[in-house]
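Starting from the known structure of chain D, arrange chains C and U on it as the hints suggest.
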Amino acid sequence: MSLISIEDLHVHFISRGIDNQLMTAKALNGVSFSVEAGQVMGIVGETGAGKSLTANSILGLLRPPAKIVKGRILFNGEDLRVIDQGSTSIRGKLITLIPQSPKTSLDPTTKIGDQLIRIQVEHGTASGSDAHARALNMLEQVQIPDPLRRMNAWAHELSGGMAQRVLIAASLINSPKLVIADEPTTGLDLTVQAEVLDTLRKLVKSSNMSSIIITHDLGIVAHYCDRMAVMFAGSVVEEGSVVSIFKNPLHPYTQSLIASTPKQIAKNGYKRINKGPPDLYNLGSGCLYKDRCHKAQSICDTAPQLLSLDLGHKTLCHFPGPSTNA
Amino acid sequence: MHNPLIELCDLTKTYPSAGFDKVLAVDHVSLKINSGESVGLVGESGSGKSTIGLLISKLIPVSSGRIYFEGQDITDLSEKKMRSLRSDIQIVFQDPWGSINPRFPIRRTLSEPFILHTDFSSSECDREVKRLADRVQLPQSTLERYPHELSGGQLQRVSIARAIASKPRFLIMDEPTSSLDLSVRAGILELLNDIRRETGLTLLLISHDLDTVELMTERLIVLYLGRVAEMGRTSDVLSNPVHPYTQTLISSNLQPDPNVDLKRIKVNGEIPSPLNAPKGCLFGSRCPLFKADCALKSPPLVELSDSVGKSPNHLAACIRVQDFSFKIL
Amino acid sequence: MLTKKDSSAIVNCVNYSLGISRRSPTFAVGLLIVVLFLMLALMADVLSPYSPTQSFSYKVLNHPGDQFLFGSDGNGMDVFSRVLHGCRYAFGISIPAGLIMITIGVPLGLVAGYKGGLVDEVLLRILDVLRSFPTIILALAVVAAMGQSLTSMVLVIGVLDSPIFARVVRAEVLALRSSSFVMAAIAMGNPAWRIMFVHILPNAILGVTAQLPMRMAWAVRISATLAFIGVGIQAPTPEWGAMIRQGAEFVITGEWWVALFPGIALMILVLGFNLLGDGLSDLLDPRRRSVGK
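Each protein sequence line maps, in turn, to chains D, C and U. Its first residue numbered 12, the first sequence is counted upward by one per residue in our numbering. Its first residue numbered 356, the second sequence is counted upward by one per residue in our numbering. Its first residue numbered 4, the third sequence is counted upward by one per residue in our numbering.
If you are wondering where the hints come from, they were derived from the structure by calculation, not from laboratory data. Note that the Cβ used here is the ideal one computed from N, Cα and C, for glycine as well. The hints are all genuine.
Label pairs and their in silico Cβ distance ranges:
hint : chain 1 : residue 1 : chain 2 : residue 2 : range
1    : C       : S476      : D       : I29       : 31 to 41 Å
2    : U       : S152      : C       : L432      : 47 to 57 Å
3    : U       : P67       : C       : P457      : 51 to 61 Å
4    : U       : L72       : C       : R500      : 47 to 57 Å
5    : C       : R500      : U       : P28       : 23 to 33 Å
6    : U       : G22       : C       : L414      : 36 to 46 Å
7    : C       : S439      : D       : V254      : 50 to 60 Å
8    : U       : G150      : C       : K436      : 51 to 61 Å
9    : D       : L317      : U       : S11       : 36 to 46 Å
10   : D       : R129      : C       : D489      : 52 to 62 Å
Straight-line distance between alpha carbons at most 27 Å, and here's what the computed DSS-like set of lysine-lysine pairs gives:
hint : chain 1 : residue 1 : chain 2 : residue 2
11   : C       : K646      : C       : K621
12   : C       : K618      : D       : K278
13   : C       : K621      : D       : K274
14   : D       : K282      : D       : K258
15   : D       : K213      : D       : K114
16   : C       : K485      : D       : K282
17   : C       : K618      : D       : K213
18   : U       : K118      : C       : K436
19   : C       : K682      : D       : K274
20   : C       : K621      : D       : K114
21   : C       : K522      : C       : K435
22   : D       : K216      : D       : K114
23   : D       : K278      : C       : K665
24   : C       : K682      : C       : K652
25   : U       : K118      : C       : K377
26   : C       : K435      : U       : K118
27   : D       : K114      : C       : K377
28   : C       : K618      : D       : K216
29   : C       : K618      : D       : K274
30   : D       : K216      : C       : K621
31   : D       : K104      : D       : K122
32   : D       : K278      : D       : K306
33   : C       : K665      : C       : K646
Pulled out of the complex, with its shape left as it was, chain D reads as follows (with noise of 0.2 Å):
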């Protein structure tokens, strides 16, 4: 049984615009993957694809105007939906989130040290000078400099790349199942992200914690995850390891993505793709990829069957396969 396991998940915005008018923002239209135990899953997509969505409503943190109409969230066999969205048994325990925007995220108003402390009692996890120990221990492993001095900062004087140190020990501290972490490095140096990086994937794999890393960047996904989940419009339109992905993607939308990548286009030139975004207002039917695909024909209008490669390497497409123009 997967750790986690998202089934069939549709997410609708509902709201009154100032006309009055009823209006619907499909923002997740069947979202579907699962992640086992042990494993680094990356989630790539693009704006409005939904990747963040989907990491709040595994955590709960969908709020009205959000609202899940359709599927599950199975984690080790239990619907997530169900359980009481207050308690603090999952969430922050279980399943933690690292957040975008690393200096915004910690509390400006309490020391680091307070912080990792307070996550572990209210949590349960450990109290007093057991959780005074656990904290130094983790932002020593989080390869913080001078851990014990740095317990008694504050949140300003953190850099980004060591803010979002601090992040990664408090979501790792209460030894979750599940670590999500939201586009983690975006605002960080280069050098800085590549140490990141390291630093989250030697502590999830040496406790054989689950990850799933939500990010735009190929190259993260390339060197940090197991597999991969690429999002459109709201559903996944590809899933696989990263290497049968890379080798042979499917989708034409992966393909497009990667052959917008500076060395991709630097080997075989410009590939133009024209159109925006997606408006989730007003999204067709069938296929959600159809208006920017250059494979599409009438069939597209239907909703394509997922098909699979082999591996564990499925796909949302009519045709998916190598791409027809060189």
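Frame of chain D; chains C and U shown alone:
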């Protein structure tokens, strides 16, 4: 020998900070950009790359040093005199939503260069605006829209269109694709390439992304904490980096290909705060090759010998080059 | 019969009204009140049973009843008609005063905010001085110099409240000055005046729009206050403040209606303006713009 189009001599920009300290955002940078060239300026946070862009376009005042445009000293030029030169030097900013007036429809934004620099009638203006939209592949319907109705990619095209409207000789692009989605970036880079080929304009591309500069530029300048660490032909610098910082930077670049073996160079700590800059070589505090004499004085930017540089005009500011102990991997 | 185009236009209107009311009920209520009073002001002649200055010498201080809806005052004039006509004065003062406030305050704030330096410092000091002056004393001085009239009232109020606009605009300009589109405008070759008035002003004006109704509320109140203390408009002009002044004497002797009705009208209109301004700043708040992703 023609004058370089742009020349910076010992350009320095300091910002006052708390107390009597000063932050050296740009530290005695000298470089030349020739007409028709495409030059890349790379660095991480604190490198001063964006500041140099703002200095060259005279959007912020210079602290010391000189800027020459076509041989003319423009450092202390009054705003009034500078205005006539502004049609020749243009800049495109990183954030398309922030750099276009949100209350103007696109047509109005694109008309402005003509209103300011030409005496076209309004119908001539309209015609030019339409032509500009076509040039950057913007559908004519976007002209009546407002910035918040356009996507990032479309807005960046507007930004570029606005910049090339006055037919500038020199275009500065400050991280033109960093805030855009992956699939949109390629289109913008392709557009820039087209424009360069067509007009022969000189391009300064400021970026933190090594792959982008590799694709788009002929010459590369690597900055660290306001100083030039290395410069030379882009292909040379990226395939044969000499300065330890450049080597580190290149090794940290994650290739989107799982089969590429990453040989990461680990350095100590993070980029020091400019207020706390080390003595001598600024990279000294983190450099795996650091020796005592590195901290004595700031290493000069010297041309590399054939055995090291492997091509002319490849310069680096590192004294370990002399004793050939500069290669880390 | 309504044509199809008409009925869809009406449906559209209704939908937008509901939509806006949902976003900001405060705005909807405030707008309703202000528009209602505006209608009353415009139709005062039609709606008043009597002329506001027509005095019935034998019907002085009559209870509200059949003949006088709100009763009659100490001069035998119909309170109802006078309250209705008072609406005209309320708007007649607050609208021009508002215009003066904007005409003085906005350009000052714009220039001070953009230029900075000495110009800014000087302006700030002037604004400080203006603010520390007790309004009433200043009003008295101006009226003494110019004579008691509508014009002097409007001028005093307009000038006294312009610092607020200057401040609001200056704050917006300071924030906008370092944004990239201003940098881009400079890089484009715009002279300073174009940057201030063509580029920055349309963006800075939003803060002002929300302030305006609130300052107009204040204008109505202060003119009533001034009339109450004997400065500005006096009886028999049907201005609410003057009416309250007259009515104050009669409250003790039990003729409550003379002061109460103009007082209530004043209160409701001021409330309406304040709600309108509040609601407007809610609606225009850019943070509320994005829904969903």
